[in-house]
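Asker: Just so you know, the sequences run in chain order A and B. All residue numbers for the first sequence refer to my numbering, where the first residue is 4 and numbers rise by one. All residue numbers for the second sequence refer to my numbering, where the first residue is 4 and numbers rise by one.
Don't take every hint at face value.
Copies of the same chain are indistinguishable here, so a pair counts whether it falls within one copy or spans any two.
Unchecked claim - List of simulated lysine-lysine pairs, BS3-like, C-alpha gap at most 27 Å: (1) Lys80 with Lys196; (2) Lys17 with Lys70; (3) Lys51 with Lys222; (4) Lys70 with Lys186; (5) Lys73 with Lys222; (6) Lys59 with Lys80; (7) Lys70 with Lys196.
Everything labelled a hint here was simulated from the structure, so no lab data went into it.
Protein chains: 2
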Amino acid sequence: MEIKILQDILKSNKDVAGEIRQMLREKNVYMIDMMSSPGSGKTTLNDKIIGKLKEKYRIGVIEGDIKTTKDAERLAKHDIPIIQIETDRFGGDCHLESTWIKKCLEGFDLDKLDLIIVENIGNLVCPAEFEIGDDERMVVLSVTEGEDKPAKYPLMFNTCRTMVLNKIDLLPYLDYSMDELMKNLSNVNPGMKVIQVSATKGDGMDELITHISRNIDKKIGM
Amino acid sequence: MEIKILQDILKSNKDVAGEIRQMLREKNVYMIDMMSSPGSGKTTLNDKIIGKLKEKYRIGVIEGDIKTTKDAERLAKHDIPIIQIETDRFGGDCHLESTWIKKCLEGFDLDKLDLIIVENIGNLVCPAEFEIGDDERMVVLSVTEGEDKPAKYPLMFNTCRTMVLNKIDLLPYLDYSMDELMKNLSNVNPGMKVIQVSATKGDGMDELITHISRNIDKKIGM
Numbered sequence: 004m005e006i007k008i009l010q011d012i013l014k015s016n017k018d019v020a021g022e023i024r025q026m027l028r029e030k031n032v033y034m035i036d037m038m039s040s041p042g043s044g045k046t047t048l049n050d051k052i053i054g055k056l057k058e059k060y061r062i063g064v065i066e067g068d069i070k071t072t073k074d075a076e077r078l079a080k081h082d083i084p085i086i087q088i089e090t091d092r093f094g095g096d097c098h099l100e101s102t103w104i105k106k107c108l109e110g111f112d113l114d115k116l117d118l119i120i121v122e123n124i125g126n127l128v129c130p131a132e133f134e135i136g137d138d139e140r141m142v143v144l145s146v147t148e149g150e151d152k153p154a155k156y157p158l159m160f161n162t163c164r165t166m167v168l169n170k171i172d173l174l175p176y177l178d179y180s181m182d183e184l185m186k187n188l189s190n191v192n193p194g195m196k197v198i199q200v201s202a203t204k205g206d207g208m209d210e211l212i213t214h215i216s217r218n219i220d221k222k223i224g225m
Numbered sequence: 004m005e006i007k008i009l010q011d012i013l014k015s016n017k018d019v020a021g022e023i024r025q026m027l028r029e030k031n032v033y034m035i036d037m038m039s040s041p042g043s044g045k046t047t048l049n050d051k052i053i054g055k056l057k058e059k060y061r062i063g064v065i066e067g068d069i070k071t072t073k074d075a076e077r078l079a080k081h082d083i084p085i086i087q088i089e090t091d092r093f094g095g096d097c098h099l100e101s102t103w104i105k106k107c108l109e110g111f112d113l114d115k116l117d118l119i120i121v122e123n124i125g126n127l128v129c130p131a132e133f134e135i136g137d138d139e140r141m142v143v144l145s146v147t148e149g150e151d152k153p154a155k156y157p158l159m160f161n162t163c164r165t166m167v168l169n170k171i172d173l174l175p176y177l178d179y180s181m182d183e184l185m186k187n188l189s190n191v192n193p194g195m196k197v198i199q200v201s202a203t204k205g206d207g208m209d210e211l212i213t214h215i216s217r218n219i220d221k222k223i224g225m
């Protein structure tokens, strides 16, 4: 019979997240934990971010999925180190844990990286509960998901520092209230940085790239 | 220290799901477990289904959310019994368990209902693992989420009997391949019933309504 002691598991996840933070500090690497619902556009966004930043920074990617290596394959063209975690192999977990992230980091040559983007499993609930030792928790929300998500998934929107609002090119075809979204967001996280983009069309991407670059430079002293 | 024995919890969830099935059979009630990503349009879909079916059937709704009663409020205009589960009050669970569903069923007068729609928590992962004793597991996928979801969340798409493909009114504005979706779907669940709809514009809703009515009538003998 399998017995899991929940408190210990969460404690150990947090401890390992602390070790990761220490590792990244020593190696001068900036790490983003990118989270969202399934299908909000994380991989397309990453594709565009990597395309714009790979001349300036050395980038690595950790791809989290329950099954398939589809996302990793979509990013392979950039010729950067990518590690795929398929949680289906060990139980189909719905989030990434810090112990796995640490294993991935040991698989990279951290002396040769400036930025690691972790594309977490598509899920607005569970990934929010597990720290992975990153520098920036970023939630991607697409406008097609509606305005109520910050109210309905408060832990995710409360614990992230940045929200990327994606698919704004579809706004003309939706009955969408930006005011309602912002009201819902300010109820759970009034100081949150919001950047509106269309990853497919390019709108807002310069602002996002500037935001990320500035944060990397602040940490690694470029 | 909190100790949960996982095997027992899942076993007990399954046992209670069996009790629910028995209850619903005795009371002649059809129950749908509706699942999806956050923001795929479950509540809008439910609103339209209830509007079309409430003259013919007596309907009850169980709304699952981590936080807020927003969805229940949106359906309140139909003047039907609605019970809201807010999992935030007991730990923020990311799925509905059969014990809670049973509690909800005890809150309804089942002699006065023909159909219960359970709107599960927006999450493509965890709800798939927990049976709730329904007659039909239905996954709602919106076209804006991309074609790869059946491959990436195989348990959900494999264990559902019906897929409602929503937001097809947005297809002209997306780079979307229906062939790719169907290929991904047939890899995990070749016999799945697929109904394409736009809950907001009305396309395909007649087919969905016919499908649901036929299943209800088959069970309750109308």
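Asker: Against the earlier hints, flag every one the structure doesn't satisfy and list their numbers going up.
Answerer: 1, 5
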